[in-house]
Amino acid sequence: MTSALNPRFSFETFVVGSANRLAVTAGRTVAENPGSAYNPLFIYSGSGLGKTHVLMAIGHAAKTIASQLNIEYLTLDEYVEAFHAEIAAGQGDAFRRRFQNVDVLLVDDVQFLTNRKEMQAELLRLTEALQQSGHQIVLASDRPPAEIADLDERLISRFSGGLVVDMGVPDYETRVAILRRKAEERGSKFQPGVLETVAKVEYPNVRELMGALNRLVAFQAVNDMPMNAEAASKVLGIPTAASSAAASPAAASSAAASQDEFSQFLTDVTVTVGKAVEAWRARVTEAVMRWEGEGYRTGRLEKLLEQETPAAVDEAIAAYVQDVERLKALEAEVAVLDPQAAGAKVFRDPEHMDAAEAAAAKVRDGAAPPPPPSAAFPFESYVAGPSNDVALKAVRDVVAKPGKKYNPLVIVGKSGLGKTHLLNAVGLELAKKKNAVVACLSTQGFVDELIAAIDGNRVDWWRARYRRATALLLDDIHLLAGKERTQEELFNLFNQFLDADRQLVFTAPAHPNTLDGLEERIVSRLEGGLVAEIAEPDKDLRRSVLERLLTQQHVPLEPALLDYLADRPIDSVRSLTGVVQRVVEAAAAQDAPVTAGLAREVLEGAPPPRRTTGLRTSGIVVSSAGGVRSREKMVWDWPSAGDRVIEDLR
Amino acid sequence: MSLVNFTSREITCKIVYYGPGRSGKTTNLHYIYGRVPETRRGRMVSLATQTDRTLFFDFLPIDLGQISGFSTRFQLYTVPGQVYYNATRRLVLQGADGVVFVGDSQARQLDENIESLQNLQSNLLEHGVDVRTMPLIMQYNKQDLPPELILTHAELDDALNFRSVPSFPADALHGKGVFETLKAVSELVLKKLATGSPAA
Numbered sequence: 045m046t047s048a049l050n051p052r053f054s055f056e057t058f059v060v061g062s063a064n065r066l067a068v069t070a071g072r073t074v075a076e077n078p079g080s081a082y083n084p085l086f087i088y089s090g091s092g093l094g095k096t097h098v099l100m101a102i103g104h105a106a107k108t109i110a111s112q113l114n115i116e117y118l119t120l121d122e123y124v125e126a127f128h129a130e131i132a133a134g135q136g137d138a139f140r141r142r143f144q145n146v147d148v149l150l151v152d153d154v155q156f157l158t159n160r161k162e163m164q165a166e167l168l169r170l171t172e173a174l175q176q177s178g179h180q181i182v183l184a185s186d187r188p189p190a191e192i193a194d195l196d197e198r199l200i201s202r203f204s205g206g207l208v209v210d211m212g213v214p215d216y217e218t219r220v221a222i223l224r225r226k227a228e229e230r231g232s233k234f235q236p237g238v239l240e241t242v243a244k245v246e247y248p249n250v251r252e253l254m255g256a257l258n259r260l261v262a263f264q265a266v267n268d269m270p271m272n273a274e275a276a277s278k279v280l281g282i283p284t285a286a287s288s289a290a291a292s293p294a295a296a297s298s299a300a301a302s303q304d305e306f307s308q309f310l311t312d313v314t315v316t317v318g319k320a321v322e323a324w325r326a327r328v329t330e331a332v333m334r335w336e337g338e339g340y341r342t343g344r345l346e347k348l349l350e351q352e353t354p355a356a357v358d359e360a361i362a363a364y365v366q367d368v369e370r371l372k373a374l375e376a377e378v379a380v381l382d383p384q385a386a387g388a389k390v391f392r393d394p395e396h397m398d399a400a401e402a403a404a405a406k407v408r409d410g411a412a413p414p415p416p417p418s419a420a421f422p423f424e425s426y427v428a429g430p431s432n433d434v435a436l437k438a439v440r441d442v443v444a445k446p447g448k449k450y451n452p453l454v455i456v457g458k459s460g461l462g463k464t465h466l467l468n469a470v471g472l473e474l475a476k477k478k479n480a481v482v483a484c485l486s487t488q489g490f491v492d493e494l495i496a497a498i499d500g501n502r503v504d505w506w507r508a509r510y511r512r513a514t515a516l517l518l519d520d521i522h523l524l525a526g527k528e529r530t531q532e533e534l535f536n537l538f539n540q541f542l543d544a545d546r547q548l549v550f551t552a553p554a555h556p557n558t559l560d561g562l563e564e565r566i567v568s569r570l571e572g573g574l575v576a577e578i579a580e581p582d583k584d585l586r587r588s589v590l591e592r593l594l595t596q597q598h599v600p601l602e603p604a605l606l607d608y609l610a611d612r613p614i615d616s617v618r619s620l621t622g623v624v625q626r627v628v629e630a631a632a633a634q635d636a637p638v639t640a641g642l643a644r645e646v647l648e649g650a651p652p653p654r655r656t657t658g659l660r661t662s663g664i665v666v667s668s669a670g671g672v673r674s675r676e677k678m679v680w681d682w683p684s685a686g687d688r689v690i691e692d693l694r
Numbered sequence: 007m008s009l010v011n012f013t014s015r016e017i018t019c020k021i022v023y024y025g026p027g028r029s030g031k032t033t034n035l036h037y038i039y040g041r042v043p044e045t046r047r048g049r050m051v052s053l054a055t056q057t058d059r060t061l062f063f064d065f066l067p068i069d070l071g072q073i074s075g076f077s078t079r080f081q082l083y084t085v086p087g088q089v090y091y092n093a094t095r096r097l098v099l100q101g102a103d104g105v106v107f108v109g110d111s112q113a114r115q116l117d118e119n120i121e122s123l124q125n126l127q128s129n130l131l132e133h134g135v136d137v138r139t140m141p142l143i144m145q146y147n148k149q150d151l152p153p154e155l156i157l158t159h160a161e162l163d164d165a166l167n168f169r170s171v172p173s174f175p176a177d178a179l180h181g182k183g184v185f186e187t188l189k190a191v192s193e194l195v196l197k198k199l200a201t202g203s204p205a206a
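Just so you know, the sequences run in chain order V and U. The numbering of the first sequence is the numbering used here, which starts it at 45 and goes up by one. The numbering of the second sequence is the numbering used here, which starts it at 7 and goes up by one.
Derived by calculation from the structure, the hints in this document are not laboratory data. Where hints are given, some of them may not hold.
[As the list claims (entries may be wrong)] Once the Cα atoms are required to be at most 25 Å apart in a straight line, the calculated DSS-like pairs of lysine-lysine come out as:
1) Lys445/V <-> Lys476/V
2) Lys476/V <-> Lys437/V
3) Lys406/V <-> Lys449/V
4) Lys197/U <-> Lys347/V
5) Lys198/U <-> Lys347/V
6) Lys478/V <-> Lys437/V
If we strip away everything but chain V, and leave its shape as in the complex, we get (with noise of 0.2 Å):
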């Protein structure tokens, strides 16, 4: 249902003049930088001036560039057609989805939009969806979208969004230009000053002009003898000056013969200019026009032409050339860092490239990686066993081939089993590839980053400094719920990795789906990698768990230390530290060496020393390591303020 590319439609084939030159130019910018330039660039003009030949050429030129670009050209009416067929066959998705992946999409006729509703929703729809992924799409229409009538006000602005031009009517000397070409194409050859005459004659399209022609060719043809310019005017029914002025010398104000000498005068004119404007002025003049229709400054070009005989014109251009060139990859650059920053005037101003390059370094400086991993969780000291070997397993398979094998891991379990160890370290291992950017933070961390950005107008730098990461490590991705704008961005960036191949790593204490307060669509993409789960630590991992902490505190590791102490019903590895810590901080305080006794004596609540002081306390004595040692005369629930107001009302 796509209509093919026409291949005699190239820009090779396209007369260029004044009156389509822009619409040319910008043709040959889309076509070279797809998504990049103008889009979407909406090309109007009346019937018959070459719209279609522009917009297939756009094509062609954008596939010999790039061979592997996905382009399609079709009608409004192909679109439309294409559209209630799929609805018609329950596929309306699949004909969303076809189109969202052509690189380059050329739509004609648009101006038939016009009292359809539903086709301008979906029009507006691909649009968005095309801009948005950086997918070029060229219109064409009779009108400017303004004048389409009963257009949406919102396709309308998305349409002036990007460039809006038109082709007029080709003037003389383009007329004769085409003329001279197609007369070529078809192997017809006319005697000097027929084509002038035909082209004399204002044909309001080219069509029009085509058909002249071939009415020429025919007479030729069937005459088989070359025709002069009278006998040319006759076919064509044009009042030369001669025939007119014999018929009525008087009447010198017939239509014909007025235009005629204008048209004339025109001539000469534009003889005269083109004899006036030297041949170096046409080039800058043309240099000019070309880096202006694409935003550039280019006083630097200009003040050349306000020279009598200005030297090294062509070194000139080429050297302003090169700063344009510089120009586009330092806002390439930049776009990538800080898309916002990208769009700032002085990438646009050759005159001032130190400037630009000044820009380009403060972008560079100001756009801080993401956040790292921390350094405080190395792979080694992640102590493996029984209950965490699964998680482990993953882990390993993530950093042997992050993005391929689980992607997203979701590491869960609950507080103190070392979730955040395990992700850092996968963090820092991942970091050791080659040009791996890592961010690796707490979800709460991205939370505030995301406010921050917001508040600062910098949204699209922050998404920019995560879309530059290689992977994306989150701890406790719970704390997402009813953060409503991380989650859409999250689930952007979800996307964006995935497609890419990118690792995501997360971690929260319970399956995603037991979570409250996260969306369908982010538990779903949560349980579309692995989740592994971290069990609570068991004796033997407790007891390597001990050892290392032990040695690290410089305690001679006691068999009967160890065995007390992985015997205590202690569910997490954070709390096994915790314990560790007071019985060496209670040993400092008696400065008595760490022994299974000792333990027993400050974890089970052995009377305490004796206190000199004789104070009466509480009884609940904190110990300096923080920790209370009398957990039964703790009292956990006080009653609440307002009864303990009332109480002493009374």
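Once you have looked at the hints, place chain U on chain V.
Here is chain U on its own, set in the frame of chain V:
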């Protein structure tokens, strides 16, 4: 007035039709006005008295469209020919890029022609312009009148054209010589832009 503006890529030529009263300056403009396609011409402004004499000046803007990347516009002015409107003439002459001197071919108008030519010279001088540097074309109008009333092209050239600028016999009422004159003056003006310094 800027002749050529490379920045905005515009060429604007101001051409003044000068000459004694009733020599046919406005007729020239009317003829041109009638030949220019409607889309190309602006409104012709003519301030005339009840007897159709130009009171202030005529003004005809013509848009020639894009030429070599320049949007080209001609502005044609006439001055009132009567002697007592000299202030107006001087005003209109200000910033002119080229002048067409429309002379009256009638033998009895020769003195008026000479007087007007001298007036042109002095008015240009008032603007600090040497008439020798100004693109100038002579047009000898009313050549359609009976030969016994008029001077020939050669005679008029002898009498008026002492600078040997291009000159054309004309019959402005019927259009003979009108476009030739316009073409010649625009060529001179445009050539001057090529050699002369483009005005800022």
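Hints, verified against the model:
no., hint, verdict
1, Lys445/V <-> Lys476/V, "holds (13 Å)"
2, Lys476/V <-> Lys437/V, "holds (19 Å)"
3, Lys406/V <-> Lys449/V, "violated (38 Å)"
4, Lys197/U <-> Lys347/V, "holds (21 Å)"
5, Lys198/U <-> Lys347/V, "holds (20 Å)"
6, Lys478/V <-> Lys437/V, "holds (22 Å)"
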